[in-house]
Amino acid sequence: MNEIISDEAVFELCFYGELKSIMMFLSYNKFLRSVLKRLNSPSVCFLLITIFISINSFFFTSCNRNENSEIKDLGFYLELVDSVKIEIPYEFGLVFPKVIDGKLLAYSYLDQTFHVLDSKGRLQNSFNHQGEGPKEYTRNLSFVTINNRHLIFMDNKKLSYFSYQGEWVKSIPFNDPNKSLRGGMPSNELDFVGENKFIVPNIYLDGLSRRPDHRAVLDSVPIWLQYEYSQITNQFEITEFGHLDTMSVFFSDFKYNSYSPRTFVDGGNVNLFFNLTPIIYTYSIGESKYPIEKIKFDVPGFKEPIGLDYKSMTIDNYRHFNKASDINSHMNDVISLDNERIFFVYSQGKNIRMNDSEADAIEAPDPLFYGYFYDFSSRNGSQVVLPEHNGHPSFWKKVSYLGNNKFLFVFENEIERDFYWGKIFELKSAKSR
Numbered sequence: 001m002n003e004i005i006s007d008e009a010v011f012e013l014c015f016y017g018e019l020k021s022i023m024m025f026l027s028y029n030k031f032l033r034s035v036l037k038r039l040n041s042p043s044v045c046f047l048l049i050t051i052f053i054s055i056n057s058f059f060f061t062s063c064n065r066n067e068n069s070e071i072k073d074l075g076f077y078l079e080l081v082d083s084v085k086i087e088i089p090y091e092f093g094l095v096f097p098k099v100i101d102g103k104l105l106a107y108s109y110l111d112q113t114f115h116v117l118d119s120k121g122r123l124q125n126s127f128n129h130q131g132e133g134p135k136e137y138t139r140n141l142s143f144v145t146i147n148n149r150h151l152i153f154m155d156n157k158k159l160s161y162f163s164y165q166g167e168w169v170k171s172i173p174f175n176d177p178n179k180s181l182r183g184g185m186p187s188n189e190l191d192f193v194g195e196n197k198f199i200v201p202n203i204y205l206d207g208l209s210r211r212p213d214h215r216a217v218l219d220s221v222p223i224w225l226q227y228e229y230s231q232i233t234n235q236f237e238i239t240e241f242g243h244l245d246t247m248s249v250f251f252s253d254f255k256y257n258s259y260s261p262r263t264f265v266d267g268g269n270v271n272l273f274f275n276l277t278p279i280i281y282t283y284s285i286g287e288s289k290y291p292i293e294k295i296k297f298d299v300p301g302f303k304e305p306i307g308l309d310y311k312s313m314t315i316d317n318y319r320h321f322n323k324a325s326d327i328n329s330h331m332n333d334v335i336s337l338d339n340e341r342i343f344f345v346y347s348q349g350k351n352i353r354m355n356d357s358e359a360d361a362i363e364a365p366d367p368l369f370y371g372y373f374y375d376f377s378s379r380n381g382s383q384v385v386l387p388e389h390n391g392h393p394s395f396w397k398k399v400s401y402l403g404n405n406k407f408l409f410v411f412e413n414e415i416e417r418d419f420y421w422g423k424i425f426e427l428k429s430a431k432s433r
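For the sequence shown, the residue numbers in my numbering are 1 to 433.
In short, the hints are calculated from the structure, not lab data.
Among these hints, one or two may not hold up.
To be verified - With a straight-line cut-off of 27 Å between C-alpha atoms, the simulated DSS-like cross-links for lysine-lysine are: (1) K85 / K428; (2) K179 / K157; (3) K103 / K85; (4) K157 / K85; (5) K157 / K135; (6) K197 / K103; (7) K423 / K406; (8) K135 / K197; (9) K296 / K350; (10) K428 / K296; (11) K423 / K103; (12) K85 / K179; (13) K303 / K85; (14) K85 / K120; (15) K197 / K179; (16) K179 / K289; (17) K428 / K406; (18) K303 / K350; (19) K406 / K296; (20) K103 / K158; (21) K158 / K179; (22) K179 / K103; (23) K303 / K197; (24) K197 / K157; (25) K428 / K103; (26) K103 / K135; (27) K311 / K197; (28) K120 / K428; (29) K294 / K85; (30) K120 / K179; (31) K406 / K120; (32) K158 / K135.
To be verified - Simulated DEER-style distance windows between Cβ atoms: (33) M247 / E132: 38 to 46 Å; (34) F192 / R122: 19 to 27 Å; (35) F192 / K428: 46 to 54 Å; (36) Y109 / P134: 39 to 47 Å; (37) F254 / K135: 26 to 34 Å.
Cβ atoms here follow ideal geometry from the backbone N, Cα and C, with glycine treated the same way.
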């Protein structure tokens with residue numbers, strides 16, 4: 001990555017407010033910056049920037065499909081079509097954002113139990129095999145998925161294969177050079193691209209906000225990893241990886257409260273995103289270690305993320321990071337649908353400012369949550385109003401795609417607390433009304 005140098009000399013020549021974002025882009029090009037610094041004429045500076053904008057605009061529109069002008073609001077809505085009783089007594093989250101092999105997986109937070117559901121949300125089996133034994137997964141559980149009719153759990157040491165009934169089948173270790181740790185409810189971002197090859201985001205970046213060297217780490221540590229089974233070492237070894245786009249907002253000197261990458265695999269591509277920006281970076285497996293496409297969605301009400309001028313998050317400044325987190329918009333799981341479409345739930349963030357008092361921030365209304373649907377083939381996007389839910393308006397880990405434009409949303413049972421309601425909604429176009 002090119003070293004970022006001071007912007008002050010350039011901004012003295014080109015101080016116009018509308019040019020500042022362009023200058024931030026130019027900060028990654030040493031040659032252009034060195035030329036601009038040696039100019040004494042603002043008019044010549046402005047001319048060079050104008051030429052650069054024209055060249056960059058041609059390149060950007062030719063190589064990317066993220067022009068906001070192409071996005072149109074199609075007017076989609078969710079219509080209730082069915083409901084199901086989910087007989088899980090404790091608070092739980094849906095691990096899978098979509099049905100895999102006709103199955104969903106839920107996780108109870110209180111007793112750390114996994115529950116296998118069918119494609120309609122009906123409970124089939126429950127089990128908990130947490131432990132330190134050879135036929136168990138540890139509490140540092142990062143990912144879980146289904147492949148070849150096996151539930152596969154990835155902890156900090158190995159991949160453990162289980163049947164749908166919870167019976168252990170086998171375990172295979174993997175080589176993690178960073179010794180990464182993650183606990184609690186695992187995610188579904190473990191994507192197999194064959195029998196003995198899989199892709200995961202690099203969870204080593206989870207704690208980057210607490211490190212002063214975050215830019216050096218982003219410049220050197222892969223953001224996603226591909227593992228392949230080696231018959232020489234008898235474990236999964238890293239064979240491919242991808243790096244973060246150097247134009248990403250996360251390469252700035254500012255510190256953000258979250259750097260955790262999220263991924264989903266579609267065909268031969270790895271799609272990567274962060275919760276703080278409505279952008280998906282697409283990598284072609286085996287072709288490039290950097291994105292081949294960047295798609296920015298024109299999501300209504302989604303804010304530019306606030307970064308803080310701190311070297312790292314500490315016990316003295318964590319309240320500022322918490323406030324920035326409240327203000328910032330967030331994307332939840334991006335669900336890859338069929339026919340080149342995606343859906344995600346997002347928060348617009350609280351309507352407060354960083355200099356507001358803590359009392360005012362607490363009393364401010366909760367953020368608004370919406371869905372967003374995007375069709376890559378037509379390049380059309382639409383905000384989607386979510387079902388009303390007083391308990392969990394974010395539906396965080398409470399929504400999964402069932403196929404055929406139908407989604408399962410989980411609702412609390414207000415009368416009896418020993419089960420939950422699953423309501424099935426169909427995504428429809430307003431034109432069909």
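Exercise for the section: State the violated hints by number, sorted upward, taking the hints as numbered earlier in the document. Expected result: 4, 12, 13, 22, 23, 27, 29, 30, 35, 36 and 37
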